[in-house]
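Novice: Once you've looked at the hints, dock chain B against the given chain A.
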Amino acid sequence: MPEQLSIAMSGGVDPSHVPAPTNDAERFVFRQVYETLVRLDCAGELRPGLAQSWRPAEDGHRWTFTLRPGARFSDGTAATAQDVVDAWSARLASLPVGAELSTGSERDVEVRLSRPMTVPWLFADPALSVTRPVAGGDWPAGTGAYAADTTAGRVTVAPFGATGRPVLVLRANGSGDARDLLDAGIDLLVTDDAAALSYAASRSEFVTVGLPWERTYVLAVPGDAISVDAPLRAGLARDAVRVDARPAAAPLWWSDPGALSCGLEPPPGAGPIVSGPTADAIVYPRDDAPARDLTGRLVALGIGGGVSALRATGLGPAEFAAALASGRAAAYVVVLPRTTLEPCAALRTLIARAPWLADGPARHLTPLVDARRRAIVRRGAAAFTMDWDGTLRVQ
Amino acid sequence: MTFRTRILLSTVPVVLVPLVVFGLGVRRAMRQQIAAQYRGRITALVDLIGQDLERQGTLLATRLARLRSAAAADNRFRLAAIARDTTQRGYALDYAGTAMRLAGLDMLQIQDDSARIISSGHFRNEFDRVERGLPQLLPTAPNGLALVQARTPEGPFFTLARIDSLPLGDRLFTVVGGVAVDSGFLARLARDSAVTVSVVLPRATLSSRPGAPSAADEVVSELPVPFVDDSRPDSARLVPARLLVATPLTGLRELERTVDLWFVIAVLVTLLVTVLVASWLASRLSRPLAELADKTAEINMERLDVEFASDGSGEVGSLERLLGQMTERLRAGAVRLREVERRAATGELARQVNHDVKNGLAPLRNVLRHLAQVARDRPAELPKVFAERRQALISSLNYLETLAANYAKLSPAPEAQRCDVNAITRETVEQLPAGSAELGLQLATDVGAAKIDAIALRRILENLVSNAVEALAAQPGVVTVSTARGADEGASTAVRIVVEDTGKGMTEPELESAFQDFHSTKPGGVGLGLSIVRRLVTDAGGRLRVETSPGAGSRFIVEVPAAPDPA
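Those protein sequence lines, which keep their order, are chains A and B. Those letters in the first sequence? Residues 1 to 395, by this note's numbering. Those letters in the second sequence? Residues 1 to 567, by this note's numbering.
Note that these hints are calculated values from the structure, not bench results. Keep in mind that a hint or two might mislead.
[To be verified] A few chain A residues that face chain B, going by a derived Cβ cut-off under 8 Å, partial list only: (1) Leu46; (2) Asp293; (3) Ala300.
[To be verified] What follows is a list of derived Cβ distance ranges for each label pair: (4) Thr205/B / Asp183/A: 45 to 53 Å; (5) Pro167/B / Asp14/A: 52 to 60 Å; (6) Asp183/A / Ala73/B: 24 to 32 Å; (7) Val219/B / Asp359/A: 51 to 59 Å; (8) Phe384/A / Ala70/B: 38 to 46 Å; (9) Asp287/A / Leu59/B: 31 to 39 Å; (10) Ala70/B / Ser198/A: 17 to 25 Å; (11) Asp14/A / Val219/B: 56 to 64 Å; (12) Phe384/A / Ser231/B: 50 to 58 Å; (13) Leu59/B / Gly316/A: 33 to 41 Å.
[As the list claims (entries may be wrong)] If you want the footprint, here are the derived chain A segments under chain B, 3+ residues with CB under 8 Å: (14) 231-245; (15) 309-318.
All C-beta atoms in this analysis are idealised placements derived from N, C-alpha and C, irrespective of residue type, glycine included.
Here chain B stands alone, though its shape is the one from the complex:
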C-alpha cells in the first residue's frame, strides 16, 4: 500500500467519523426538539380544547341562568306555563325559539315538572313530548355538561348541553340548552386545519373534517365526554363518548425525512470533499518522497551521479540531504573500489605473468647452468650434452613463445585488409543488444572500404556501442552509429565512424581515466574496453576522439584509413 493511499485512507475516517458522530447527535437532537415542539403544540392545543369545552359549559350556564331569569320575569310565559292560559299558549310555544336565537344557542327546550316539553326552540312543534332522560341525567354529568342528541323536524343533531332549573310558583321547570356539535363547532375547537377533532358516539362519529379521521391521522389525545344515550326512550343513560384529537403526522415525518436527507447529503458532500482534500494532501505529501524514491532507484554502482537537493527543509529535506551524503560516500567508495579492483587485477595479471615467465625461464636457467657446468667440467661433452638438452631449451622457448602468444591474444595483432565499413557496422550493430536504447544507423553510401582488420573493426564497434548503450543507464535514449567518408581535416583518405549516445556523458576526470587499462565504472567490468579500442584504432593507423559533456551524452569519433580503390 502506497504512502499516498495510507494518507488517504487514514484521513477519511479521521474526518468522517467525528463528523458522522456529530451529525448523528445533531440529527437526534433536532428530531427530539421537533417532536418535543410538536408534542408541546398538541398538548397546548388539547389544553385549549379542554378550556374551550369548559368555557362553553360556563357560557351555557351563564346563558341558561339569564334565560331562566327572563322566563321567570315574563308574565305571558308564566300565564301559559302555570295558569295554562290558552291565549298565551302560542306565545309559550314560540318562547323557546325566540329565547334560543337571542341567547345564541342551537338547542333550547323548557320542560315542566313532569318532563313534558312546553316550549322547544330547536323543534317548535315538539311540544307536549315527554322527555325524561335529560332532566334526570344531565345534572349527573361531570360539570353538568354532556353531549345530547336533539331532534329537529329535519332530523337529529348533536349538542353540547347543560340543564338549569326554572322555579315558577310551586313548580319546578327545567331549561336545557346547548350549542350544536357539528363539523363547524369541532373545526373551531381544532383551530388548526391540520388538526382533526372528532366525537365518537355509540352510533355516530362527528368530525371537524369530512372523511376524517383518515388513515393518515394519528390520534394524539382523547378526552372523555359524557353522552346522554336516549336511543331507548325508557332507559336513557349516561354513556362515555370520546373526543379525539388527531392530526396527520405526515408533516412531522416529512420534516424528519428532510433532516435525514440533508444529513446524508452533508455526509456525502463531506466525504467527497474529504477524499478530494485528502487526495490532494496525500499527493502533496508523498510527491517529494516519490521523487526521492525515483532518484534513489536510479542509484547503482554504474550510476552514482544522482544529485539530491540539499536546500529542502523539514523531514524530506533532511532525508534528501542524507541521501545526497550517502550517495557522495557511495561515489567515493566506488572510486576506491574500482581502484582496488584495477590494482588487484593488474597485480594478479603481473603475478601470473611473473609466474608463467618464471616457469618458462626455470628450465632455461637449469639447462644453461648444466651446460655451463659441463663446459667447465667436461667441455668435451658439451656438444653432446647440448644436443641432449637442446630439446629442453627449445621446449622452454616454445613455452615462452606460446605464453607470449597467449598473452598477446589480449591484444591480437590486426591484419589490415580491405573491408566494407558499412556492412560490418550494420552487421555488428544489429547483433548487439540494444537494451533501453534506440539504435540508429546513418550509413553514408560513399563510405567505401576501410583498411583495417575486420575483427578489429568489429571489436571497436562492439566496445563503443556497448559502452554507449550502457551509458544510458537503462534509461530511454538514442544511440546513433554513423559512417562517413573523410576526416575532420578533410582528408578523403579516411573513413569516419561516429558512435554517439544521449546518455549521461562524462566529466573531465572520468574522460581522463576512461582510456586507462583496467578502469571501469561498471561492476564486474574489466576496464579494458576503451583502452583496447584506442589500441586497435591506433594499430590500424587511425585515431580516436571523444566529445563528451556530463548529462549531454558522448560522441566517439573513429577515423581509420580508407582502403585504396581496387585498380
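Just chain A, with the same shape it has in the complex:
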C-alpha cells in the first residue's frame, strides 16, 4: 500500500461543517475522521462503528450502545459514553423527536425513543458522528482512523496511530478537466464527468466503480405537480443529461409523508405563494450540470402545458435557496438525496427550504431522474469500502 493517496472529489473541505458534510469531499474526509455509533454498508447491513454492540429493550423503545473498548479521540483522550451524549446534545434536531439520552456506564449510551425502532440504522447518520471540541484547533477530534489537518493550504488526512494506513491528500482540480487529474497521478477520483469516465475506461490502470444512486432530480412546481410519464423520464435520463442517470425510481422518501406520521408543518413566518418576477422561469442551481441539462430539456419540450415560453434561469446557491423558498418561479429543478435514514428529518429539512411544500411534497414534486457518480480508482492503490450513501472508506 502506498504511503500516500491522492484523492479528488467535488467541493472544498471546511472544518466548520463538521459533522454534516455539504459535498463529496467533506463527506469523504469526515467519514475517515469521525465515527457514528453504527455504520450502514452499501448492502444495507448494519455494522459496528464507535459502538461495538447494541441491544434493544422495551420493544425497541430503548437502545443501549456499548462503545468499543479502548476507543480514543485523535487528541488522545478516551471516548466515553458521556462524550457521545455531549456531542449529540448539540444536535438534537438530528435525533428522533422525543429521544432521551443517558449513559449507562462509561461505555454504555442509552437512547430512549418515543417511537420504537427495530433496527437502529438512524444512528448511522453522519450528523450523529461523535466529535469532541479541541481548544484552539480548527478540527474537532474524532474517533476515526484518521485526523484531518488543513495547514499549508491543503487538506491532509493522516492516519491516527500506527495503523499502516496511507496519508490521504485531497487535491483540487485546477483546470476543471477531471482527465488532467487522472494524468497527474490521482489515486481516487469521484466524478460524474462523462469525459473523465470515458477516458478512465480507456486507461487500463484505472478501474471505475459505480456508486449508489445518491441523488434524485425533481421538478418542483409551486402549483400542482406536472405529470412526467415513464417514456419522458427515460428520455431525460438517456439523452438530456450527460451523467450516469436513470429514470427516477420508487421508493421515494418524500412521496408519502402521511404514512410516516411526520406531522409536517410549515416553518413559522412562511407566507402564501405569490407570483413574482421569475414566474415565467424554471429555476435551477447554476453549478449543477445535470440540473441545467434537465431544465433546458424541459424548456425545449414546453413542459407545463399552460405556462408558455418558459425560460431557464440558473442561480447561485444563495440565490437559488432564496428563490426556492419564495415559490415565485414557475418551477424549480431541485436535487434531493436519493435515500435518507430519517425521512421525517429529511422532509423537515426540505420543507424548511421550500415552505410551500408543506401541504404535501408529492403534490408539487415530480421525479425526473436518479443520478450517481462513479469512483475511478487506480488499480492497487488502496482498498475501499462503501457506506450506504456511497461514501468510501479507506481500509
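Specialist: Using the frame of chain A, we list chain B on its own:
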C-alpha cells in the same frame, strides 16, 4: 456731417463688406467641407458595415462548409444520424455543441430531412424539435444570409445565420449556423463608439449601445436585412428587417456652431479694429483741415494777420499756401480799402466844411459887395444900408460861429478840473462791454485826483479800453486797467493810467498809422479813436505812450497832471 465722420463711415463698410463676404464664403466652404467629410466618413463606415456583413456571410459559409465536411467524415455522428445507433446518440447530441465552439459560432443546429433537430449547439436539449422555417426560408434569403431568432434555455437571441446542406447516405441534412447579433456584434460593426448600429426587427430592436438610438441620433443609413419570422410556427416567413446606422450630429453641429462663433468674433474684432483705425485715420486726415478751418475762421477785416504755413506738402499744403496767398491779398486789399475810406471820409468832411463855409461866406460876400457898391455909388446911404445889412452880417457870422462850434464838437474843448481818477476809471470800465475779455482793475489807493476834464478822461478811457477789448479779436484775453500815482520819470505831480491787453499787438507800421485821423482797421470804424485820445491827453497837459509788440499785446500809458491837494 464732418469730414472725419464721412471718412469713418466710408471706411467701415469698405473694409467690412469684403471681409463679411469673404468670411461668409469661407464659412460656407468650411461647412460644406466638414459636412462632405462627415458624409464621406459615414458612407465609408456604412460601406465597411456592408462589407463586414458580407464577410460574415462568407465566413459563415466557409465554417459551415468545414463543419459539413467534418460531420460527414465523423463515423460516430454518421452512426447516430443514419443508423440510429443509440449508443452514439449522446455523442450526436453533443456534436453540434462541440463543433459550434470549435468553429467560433454562437448558433449551430443540424436537422434531418424532416426538419427535426438532431443536434443543437446553442440549445443542446432542443433535440427532436421540428423546425421547418429555417431550412425552407434561409436558402431563399439574399446571399443565403438572414437574421434568425434562435432559442436557448435562458431565452431567445438573434443570430446572423446561413444554411448549408449535409448529405449523408441517401439523406440530406441541413446545417444552420450563425453568429450572435447582440450589442457586442453591433458595436464591432459600428467601430466608432459615436456611431450606433441598430437592428429593427418586427418585435424587437437591438442596438450597439443601451438606449440607442436616442433622440440625438440621426439615422444616416439604412441597410435591409432579411429576417426569418417564425413567431407563428406554422407560417414562418421571410420579412425585411432594417439595419440602421445612426450617429449623433451634435459633434457636427457643435463644429458648425464653433465655426459660426469664430466667424462672428472675427467680424466683430475686425469691425472694432476697423473703427479704431478709421477713426485714427480720419482724425489724422482731418486734423490739418480742421486747423485750416479754425485759422480761416479767425480771418476778418480786423484780423488779417493769420499766418498759414507754406512749407506743407500735398493737397493740404497747397490749400494752406492758397489760403496764405489769399490772406495776403485780403490784407493788402484791406489796407487799400481803409486808405480809400479814410480819404473818402476826409474828402467828404472837407467838402462839407467847404460847402458850409461857402454857405456862410456867401451872405458876407454879398453884403460886403453891397456895402462896397453903396459906398461907391451912394456913400451917404452907407450907414443906413450898413444898418440895414448889419443884421445879415451878424447872422452870417453867427452861422459861421455856430458852424465852427459844431465842428469844434468833433474836438470839444476840455475844461480842466479836479476829478477822482479811480472813481471815473471804475465807473467807465464797469459800463463798457467786456466782450471776450476779462476786464481787470488795479486801482492804486494813493492815486488822488487828476486835473483833467472828467468827460475827456472818460472818453480817453472809453477809447483805450474799447480798443483793447477789440484787440483781443473775440479771443479770450485779459484787459487790465490800472492807476498809479506818479510818472515814469518819478514826477509825483502826475497820475498814470495804464490800459494793457493781451491781444494781438501792433507792428511798427501799424503803430505809426494808429494815431492818424481816419485810420481804422475795423470795418465801419471812423479812425479817430486814438487820434482823439492823443489830442485829449495833450489838451490836458499829459502825454501818451504805447508799448506794443505783435502777438504780445499792447500797453497804453496815459499820464495826466495830478490835481493839487485842496488847501
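Novice: Does each hint hold? Answer for all of them.
Specialist: Right, here's what the structure says about each hint:
no., hint, result
1, Leu46, "violated (39 Å)"
2, Asp293, "holds (6 Å)"
3, Ala300, "holds (4 Å)"
4, Thr205/B / Asp183/A: 45 to 53 Å, "holds (50 Å)"
5, Pro167/B / Asp14/A: 52 to 60 Å, "holds (56 Å)"
6, Asp183/A / Ala73/B: 24 to 32 Å, "holds (28 Å)"
7, Val219/B / Asp359/A: 51 to 59 Å, "holds (57 Å)"
8, Phe384/A / Ala70/B: 38 to 46 Å, "holds (42 Å)"
9, Asp287/A / Leu59/B: 31 to 39 Å, "holds (34 Å)"
10, Ala70/B / Ser198/A: 17 to 25 Å, "holds (20 Å)"
11, Asp14/A / Val219/B: 56 to 64 Å, "holds (57 Å)"
12, Phe384/A / Ser231/B: 50 to 58 Å, "holds (56 Å)"
13, Leu59/B / Gly316/A: 33 to 41 Å, "holds (36 Å)"
14, 231-245, "holds (count 4)"
15, 309-318, "holds (count 4)"
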